[in-house]
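Can you build the whole structure from these sequences, using the hints too?
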Amino acid sequence: DEAKEAARQIAQKALEERLREIGMSEQQWTMYERFASPIQEDISKLRGILDALELRSSERSWLKRQSYGEIDDTKLVDGVTGDKYIYKRRGD
1 DEAKEAARQI AQKALEERLR EIGMSEQQWT MYERFASPIQ EDISKLRGIL
51 DALELRSSER SWLKRQSYGE IDDTKLVDGV TGDKYIYKRR GD
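Residue 67 in the numbering used here sits at position 67 of the sequence shown, with consecutive numbering throughout.
Since the hints were derived computationally from the structure, they do not count as laboratory data. Heads up, some of the hints might be wrong.
[Stated by the list, open to error] Just the calculated beta-carbon pair ranges, DEER-fashion:
no.: 1; residue 1: SER67; residue 2: GLY23; range: 56 to 62 Å
no.: 2; residue 1: ARG56; residue 2: ALA36; range: 35 to 41 Å
no.: 3; residue 1: ARG90; residue 2: MET24; range: 33 to 39 Å
no.: 4; residue 1: GLU41; residue 2: ASP1; range: 42 to 48 Å
no.: 5; residue 1: GLU41; residue 2: LYS4; range: 24 to 30 Å
no.: 6; residue 1: ARG90; residue 2: ALA36; range: 40 to 46 Å
no.: 7; residue 1: LEU76; residue 2: LEU53; range: 33 to 39 Å
no.: 8; residue 1: PHE35; residue 2: GLU70; range: 37 to 43 Å
no.: 9; residue 1: ARG90; residue 2: ARG8; range: 51 to 57 Å
no.: 10; residue 1: GLU2; residue 2: ARG47; range: 33 to 39 Å
no.: 11; residue 1: THR81; residue 2: GLN40; range: 54 to 60 Å
no.: 12; residue 1: GLU70; residue 2: ALA11; range: 53 to 59 Å
no.: 13; residue 1: PRO38; residue 2: GLY69; range: 47 to 53 Å
No experiment lies behind these values; they were computed from the predicted model shown. Built from N, CA and C at the ideal position, the CB exists for glycine as well.
Put into structure tokens, the structure is as follows:
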């Protein structure tokens with residue numbers, strides 16, 4: 001029980017210091033918590049979606065129908081018929 005109380009006091013002091021750093025009063029913090037708490041799950045989901053989109057946008061993709069690079073397995077028949085754009089390369 002004493003450990004819980006000590007942890008609670010340490011957390012309270014850390015919160016007070018952080019609020020002082022960002023210039024937020026206890027009333028403002030309470031108001032923020034009242035508005036943010038109900039939508040916390042939605043915020044987490046949105047952050048996950050945005051992180052996935054950011055990762056996907058930085059992922060390199062294949063540039064198809066190139067005249068040089070690695071042979072594109074899906075264009076082998078086109079190569080036999082004389083098409084010279086049967087290669088693929090990594091692009092940004």
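Status of each hint after checking the structure:
Here the CB-CB span from SER67 to GLY23 is close to 60 Å, well matched to the stated 56 to 62 Å. Between ARG56 and ALA36 the C-beta distance comes to about 28 Å, which lies outside the given range of 35 to 41 Å. Hint check: ARG90 to MET24, Cβ distance near 47 Å, so the stated range 33 to 39 Å is violated. In this structure the hint that GLU41 and ASP1 lie 42 to 48 Å apart at CB is violated, the actual value being about 31 Å.
A C-beta distance of roughly 26 Å is found between GLU41 and LYS4, which places it inside the suggested range of 24 to 30 Å. Restraint check, ARG90 to ALA36: a C-beta distance of roughly 42 Å satisfies the suggested window 40 to 46 Å. The hinted window of 33 to 39 Å between LEU76 and LEU53 holds, with their beta carbons roughly 34 Å apart. Separation of PHE35 from GLU70 is about 53 Å and departs from the stated range, judged on CB atoms against 37 to 43 Å.
Distance hint for ARG90 and ARG8: a CB-CB separation of about 54 Å, consistent with the stated range 51 to 57 Å. Here the CB-CB span from GLU2 to ARG47 is close to 37 Å, well matched to the stated 33 to 39 Å. Between THR81 and GLN40, the C-beta spacing of about 58 Å keeps the proposed range 54 to 60 Å intact. GLU70 and ALA11 have their C-beta atoms about 56 Å apart, which keeps the hinted 53 to 59 Å range intact.
Between PRO38 and GLY69, the C-beta spacing of about 52 Å keeps the proposed range 47 to 53 Å intact.
Violated hints, listed in ascending order, are 2, 3, 4, 8; each of the other numbered hints is respected by the structure.
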